[in-house]
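Asker: All residue numbers for the sequence shown refer to the working numbering, where the first residue is 4 and numbers rise by one.
Just so you know, the hints here were simulated from the structure itself, not pulled from any lab data.
These numbers come from a predicted model, not from an experiment.
Only pairs whose alpha carbons sit at most 25 Å apart, straight line, appear in this in silico PhoX-like list of lysine-lysine:
| # | residue 1 | residue 2 |
| --- | --- | --- |
| 1 | K261 | K240 |
| 2 | K257 | K240 |
| 3 | K208 | K261 |
| 4 | K208 | K195 |
| 5 | K240 | K208 |
| 6 | K257 | K44 |
| 7 | K44 | K261 |
Ranges of calculated distance between the beta carbons of each label pair, as one might list FRET restraints:
| # | residue 1 | residue 2 | range |
| --- | --- | --- | --- |
| 8 | R177 | E101 | 22 to 28 Å |
| 9 | A265 | S143 | 20 to 26 Å |
| 10 | D205 | G269 | 19 to 25 Å |
| 11 | E218 | K257 | 17 to 23 Å |
Positions of the beta carbon are idealized from the N, C-alpha and C atoms, including for glycine.
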Amino acid sequence: MQHKIEAFSKDGDARVAASAMTATTFASAAEDPFVARRSGKTDCGRVAFFIHGTPGTASDWEAVWRELAELGFDCERVALDRLGFGENAAGDSLEDWEGQLASFETILHAEAQGERALFIVGHSYGAALAAALAERLAGSGRLGGLVLVAGVLSPDEVQCRWYHRLLLLPYVSRLFPRHYVQSAKEMSAVTKYLDQLLGFWDRCKVPVTLLHGEEDRTIPFANSEYIASRLSGRNAKLVPVAGGGHALIQSHPKLIAKEIAALVAGDSVEKENKA
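Using the sequences and the hints, build the whole thing.
Answerer: Structural data, given as structure tokens:
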């Protein structure tokens, strides 16, 4: 089923109205339906899939989608409240990536429509999940590129902080909202998954754009530097954001939208040149 949710703006501008998210219910492998958001043209040859951080929801991408609409970017955009968050809070996969990735693949299978080119965009913890999804899809021929914003990416950085460990204590976890505890569980296990992704970075052949605030105190800039150095000599672009903190998708949505549009346009040009 589908229904329209509130548009980002009520000013009547056609492009801004085009950025409105539509909610769509998908059946999961476990037969528990979950909700995803979509916007843009479904008959476009490309789809951009957005993964939010922890905690968070699909609505975190609203400002970026609005800027993409302003740019005339009509490629379909798809996002969801990850399992354990927002409208999909009942889907509790905790720190396990299998459930998360399975939900992404369910949506992307439904959205394939002739195996359209796929671009994956991730923020913070969602950037790590974006890389894991890209690894799974590396042999599909669909993957067009990655845009990773303030990503949790380096296994050499301390990702699980003292406040995450505090939230995992039983007598403390009962005092906080469920999504904060969910976030702590995810961050407590992320380093082992980042270690498992090292092979993917060594084999990665698709374009990767990394945006990171130089003043990010939550997930340090060194995370993106690490991946940029690992991809050195290949199709990687590191975009340092001077003065930027962790919430770049709220503070610098126009910059992020421009980098997404540039990466997708570059892929389109490359395919046309090869034709």
